[in-house]
Structures are given as C-alpha cells and as structure tokens.
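Go by the hints and put chain B onto chain A.
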Amino acid sequence: MEYDVQKLFEEPGLIQITTWARGVIQNKDARDVVFALANAASKEGKYVQAWENYVDLPDRVNVPVRAYARISPNPIESKYIYENENPDVVVLTEEGLVKGNNVLKGLKPGGVLIVNTKRDPEYILKFLSDTSNLGILGCVDATGVTGYIKTLSGAEGATDASGIGAGVGAVLAGAAAKAKEMVKLENLLGTVKNQDACRYGYENVKLMKVNEVGEVVSIGKIKQNKYDLEGLPFAGTVPSPKKENEGMVTGNWRTERPILTKELCNDCLICWLDCPDATIFKTEDGLIDFDLKYCKGCGICAAVCPTEAVTMVPELDFVD
Amino acid sequence: MGKKRLITGVVATAEAVRLADVDVISSFPIRPYTGIMSELARMIADGELDAEFVHAEGEHAQLSVVYGASAAGARTFTGSSGVGVTYAMEVYSPISGERLPVQMAIADRTLDPPGDFGSEHTDAEVCRDQGWIQGWAATPQEALDLTLLYYRIGEDPRVLLPQYACQDGYFVSHIAGEVDVPDEAQVKEFLPPYKNKHQLNIYEPQIIGAQIEPDMGPPLQYQRALAMRNAKEVIKEAYDDYNRIFGRNYSPFVEEYMTEDADVVIFLQGAHSQTAIDVARRLRNHGEKVGVVRLRTFRPFPTEEVRDALSKFKVIGVVDNSANFGIAGGGGVLLTEARTALYGEGDKVKTVGFVAGLGGEAITRDEFYRMFAKLKDIAKTGKVEQNAYWVPFEL
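Chains as they are written, first to last, in my numbering: chain A, 1 to 320; chain B, 321 to 715.
Please note: incorrect hints may appear among the correct ones.
Claimed, not checked - Selected chain A positions facing chain B (Cβ under 8 Å, derived; list incomplete):
#1 Leu152
#2 Leu229
#3 Gly236
#4 Ser240
Stated by the list, open to error - If the Cβ cut is set under 10 Å, some of the chain A residues that face chain B in the computed set are:
#5 Trp51
#6 Tyr54
#7 Val55
#8 Lys226
#9 Tyr227
#10 Pro233
#11 Phe234
#12 Thr237
#13 Val238
#14 Pro239
#15 Pro241
#16 Lys242
To be verified - Calculated pairs, BS3-like style, for lysine-lysine (alpha carbon to alpha carbon, straight line, at most 27 Å):
#17 A:Lys105 / A:Lys223
#18 A:Lys226 / B:Lys517
#19 B:Lys515 / A:Lys242
#20 A:Lys293 / A:Lys282
#21 A:Lys105 / A:Lys79
#22 B:Lys517 / A:Lys242
#23 B:Lys556 / B:Lys323
#24 B:Lys517 / A:Lys243
#25 A:Lys105 / A:Lys118
#26 A:Lys262 / A:Lys226
#27 A:Lys184 / A:Lys209
#28 B:Lys508 / B:Lys324
For the record, the hints were derived by calculation from the structure and aren't laboratory data. A quick note: this is a predicted structure, and the numbers were derived from the prediction, not measured. Just so it is clear, CB atoms sit at the ideal spot from N, CA and C, and this is done for glycine as well.
This is chain A alone, in the form it adopts within the complex (with noise of 0.2 Å):
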C-alpha cells in the first residue's frame, strides 16, 4: 500500500521554526528565538513545544548547532519525530550559515528565512542552492543593536536562569514574527527581556519577496527501510582516515577565512606549528596556504603570526 504521506501524517496549522547558530557562542541566541516565540505562542494558548537538536556537537565552538519549536493551535502529534523535517521559518544567527548549510532542506513551500546580516537579501540569496519553495527572506543587522549571550545556564535542557530574549535572539524572534503570522507582537515583548531589541527586529527587518508559492503539497511515499547491512561497518569500527576524515569536513564551521598578503609573510611557519587542524600547508611556489575544506576559522594563524601577515574575513565576502 502506498499512502500520501503529507496527507496521512498532515497537522493542520503545526508551524515548525528552526534556527541555526553556532556551537557554544551562539547556542544561547538560537533558544532564544524558539523559546521565546514558544512562550508568547503559548500565552495565546497555543500548543509549543521547543527544543535543541540533540546530535549537533553543543559543545565544539563555531560547529552549526540547531533548535526547534513548533506551534500548533491543536496538540502537537508530531512531538517525537526527532528533527523539525518541513520548517515554516528558518532562523540563522549569523550570515556564514549559509555557506556549507542546507539551511533550506525541508522547507514548506512558502517558507520564511531570517538572516543576522547587514548585507541585502539580493546579496544572501546568491549562497542559497534551492530556494524553490522559499516565500520570504528577511535580513537584520541584530548583532548591530546588541550582542550574543554567551551562558551555558539552559544549555542541556536544564533551566535558563539568565532569561530569555536578552541578546541577538530578541531581535531574531521579532523580525520571524513580523515574516510569518504566527505571535502577536505583544506577547512576544511579553517573554523576552530585551523589548527594544525585539521591537527593532521586528520593525527593521528588510523582507524580501523571492516566490509566489501556493499552497503546493508535494507527494511523499512511506520511508522504506534506509540500512544496507552489507554496507555498515562491523561493529562500528572505522578504519582510521589515512589523510582526510570524510565523516567529519568542518569547512562549514568557519565565519572568517584566514587570507595571506604574501608580501609580509617571511615563512617563520608559526601559523602551521598552531593550526589546530592541520589545515595550513605550503604551495608549489612555496606559499602557505589554507586547506579550506577543513579550516574552522578560528583566527589562532592570525593571532600568532609576527608579521600580521594573516587576517580574517568575513566568510561570507566570499561568493566562492
């Protein structure tokens, strides 16, 4: 038997909100933006649910990290399937998201992408593979009206004694509340602590229109079974990678990218000693260079180089 899978499994008015952030500095905001909008939902007595994603590594910094809430007007069937699968909003709490990110996986048609960026949606839609089923992006420089909150009170589920809504993640959950209907605009000033920040996102956020989506529903079939048994390794033993781990490519990890003016370098290879990835090595014509499918940005090639021969810059300067 094969059934409509979207019509077999379907929950009526269930918003699903997803946000992105990185490992550690960021994780903090990305609760924010699913509690808070969570919260106001539930003070107009919707049924909220919201949660971290729970195989992203919480504790490698920079590593892209994901919440979850969903909001229904009906009890939420759905509350174990383990990751928000067709989102409605996706949130990103810095710009470098985009890169190395299917951000955008999943999304219902007519979705609503928010970005922390000062630059343009035009200029954020070019790094966006598919954006077929992509309504709305709106961008908002919230890292431009306050900052991060770097706690790990409410990290692991415990309780966030620090407050929500005081940093990046007011401004995120205003600007994800004007995009899509889904809170009213005073019960979200309601949960968050800073109301200002809230009230900017949600009045500044530049909203870009990208496609007149309708109501599409697309056909799944019921997921057959996914393991080839033959193909598993035994035990789960790995053998060790020789040179490059494919299982573990952290590229997309990077917000800045280290960048060479050749003319200061004096090849003291300090920068290679430091690299905490191995990913500095030397060209054909002797220059150093950086393995960029590895390279998390950390900045520490800058930090040590005598010469100032390294800086950092914003990844997302790059189109590549």
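Just chain B, lined up with the frame of chain A:
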C-alpha cells in the same frame, strides 16, 4: 587421551584455560571464583602456561583489560562472582558490541546484602541482556567442557560474542569431582586459533567504540542480535564436534532426564538439576511419572527447543535459583522465559514457578519432593492456584 583427576570446578576451569592456551588473563579476588585465578597463577609460575597475568584494581578494570587485549588479538580469560560481576557491568555491553569473544567465568555468589558466600544465579542472570553467550555447568567436568566449548562458539566468525561460562559457587566450584582432563591434541583438533575481525594494528589504524550518530545505533544492535541468532547453529556444531572428539554425550540446549511418559517435570538449570534428577529417580522407583528437563544454554535462549521439550507434559515446575523482585509471574527469569517459549500451547501445558535455594542454601531433596507433589496436585486438579512459590516459605 585424557587423564582422570579428582578436582574442583575452579581447578577444572583453570585446566581448560590452560588447554585453550589463553594469552591474557585478568584477575581480582572474590569468593568463590578466586580459586580459578590462584590455580592459573600457579600454572604460570610453574611454567605450565605461558600467558600475561594482569592483576587489576577491581572488576571494572579487570574487564577493561581483557576488552583491550581481545581487541589486540589475544585470547582472553577473566572471571568473578557476586557483586564483583555487577561492579563490572558497564564494560559488558561494549565488549559484546565490539564483538570481542572474551571469556568470563562466573562462579555464582549471592548479591549483597548480606555478605553471603552462598551461590545464587542472580549475579550472572542480571547480565543476561548484555549480548554474551551464557550457560551453566552442573559439575566440575562440565565446567571444564563449557570453557572449551565457549571459546569455540564465541570465537566463531559467525558469532564473535563474549561468553559467561557459569558454575554454581561452592556446589560446582568447591566440591571436587572426577574430571576427565583432555590432552592437548584433542583440544587442538577442537579449538582453532583465535582470529579477530578487526584486530588493533598500528599499521592499519582504526577506531573501535567510536562515538556514532544515532542512526548508526539500530544497525549495530541488529548486528549483535543476528550474531546471537547465528550462535544457535554454531552451538550445535560445536557440541557435535565436542562430543565426537572428547567422547561426551551432551545435548546443546536442553537435557531431558526420565521424561518418557512423564506427566510432570521440573525445569531448571545449573547444579541443583543433579538433586532434582536424584529425587525424580527415587519417585520413579515408586511408579511416579516425573522427570527433569535441564536448560544447558541460557543465552541465546533456545526458545524452540524448550518449547518442543516442555510442551509434551501436563505440568511444568520452573525452578529459579535467583531473586527477581517484582518480576512478571512472581517467580524468576526462567519462569517468564519458559512461559514465553510455551506461548501458543495454551492451557494444555500448565506452568508454575518455584524460587528456591536463595542465599546459597542448597535446594534440599525434601524441597524437590514437595515441588513434585505440588505439580502432581496441579495435574490432578487442573488448577494453578499460585503463579509461583517462594520455597520454603510458601511450600
């Protein structure tokens, strides 16, 4: 050919470890299994066995030592009793999950409190879901044989699972009996060298026990479940070869004693089966249609064989030598598992549980007599009035 000796279960086990030419042994003392390690230490000191003997700082470390050694390609042996067995609990699942055929002897000891040396199967049975092959020896001879059999079964490439070779503390471990100690040529014919599938090797580095994504979890568990399933065929083959080479007459999963035309039987495992058989024989002499069915392999639980064996009788008394507080049916693990095996037989076969021999008390002949009497009573009335009886308090 073998040599007859009067030895205890602990010495018989050590003899088998010597014959299996084990490479790495890790020890930590606790009664009653300690004697195995004393004997192995003596063998090494006297030059009878060439093996690394690591005295660990506790059972958790003990199991960790053989975990690593087995991954490095060594045939390994360890053991414990009672709370020593449970102290190492964390390490059992990683060992079977990495599919390392470590062998551990468990000479049963009651879990605390109090500090009771007596035997009870609880210590080993709480480990039953850890992915280890498991079964009980009822005599010193069987203790020796089980050790060799389990290396062969566990190291088979179709299985690659660790094994708990269990023996009742004191009853098997400390009472010397006549044992045929095989010679090395026989063992060589039976037991091929150990070859790990993913041996640690500095030239071909690999990660074992790596952190994985959740979607790798189900197939890993499934691989282990398949290994346990495959083990049944391998167990049969191993017992066939063992019987042939060593001149034994073991049935791999269940043994039946005097069950022909029997109406009621007692079903149990371990040393107390010997007393049950004795009582059944005496009752038979007076024309009672009683028998005993003994479980030889506990993991993998031989569901079909147990069903085929037990479904012939009117009433089965399942004796659990373990404390399983709050368990379904109020008896023990064997009762729930026997009943599961008999699922589908309906009311035709009646089962009742007896929890007996706790704290290391012997299950006396009087007690087995009372159990058989209860079974005959049920056969007559057709009524099971109580799911399980705690002996002697309730029977």
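Here is how each hint holds up against the structure:
no., hint, result
1, Leu152, "violated (21 Å)"
2, Leu229, "holds (6 Å)"
3, Gly236, "holds (5 Å)"
4, Ser240, "holds (4 Å)"
5, Trp51, "violated (15 Å)"
6, Tyr54, "holds (8 Å)"
7, Val55, "holds (6 Å)"
8, Lys226, "holds (8 Å)"
9, Tyr227, "holds (5 Å)"
10, Pro233, "holds (8 Å)"
11, Phe234, "holds (6 Å)"
12, Thr237, "holds (5 Å)"
13, Val238, "holds (5 Å)"
14, Pro239, "holds (5 Å)"
15, Pro241, "holds (9 Å)"
16, Lys242, "holds (9 Å)"
17, A:Lys105 / A:Lys223, "holds (17 Å)"
18, A:Lys226 / B:Lys517, "holds (25 Å)"
19, B:Lys515 / A:Lys242, "holds (24 Å)"
20, A:Lys293 / A:Lys282, "holds (16 Å)"
21, A:Lys105 / A:Lys79, "holds (20 Å)"
22, B:Lys517 / A:Lys242, "holds (20 Å)"
23, B:Lys556 / B:Lys323, "holds (26 Å)"
24, B:Lys517 / A:Lys243, "holds (24 Å)"
25, A:Lys105 / A:Lys118, "holds (24 Å)"
26, A:Lys262 / A:Lys226, "violated (49 Å)"
27, A:Lys184 / A:Lys209, "holds (22 Å)"
28, B:Lys508 / B:Lys324, "holds (19 Å)"
Hints 1, 5, 26 from the list above are not met by this structure, while the remaining hints are.
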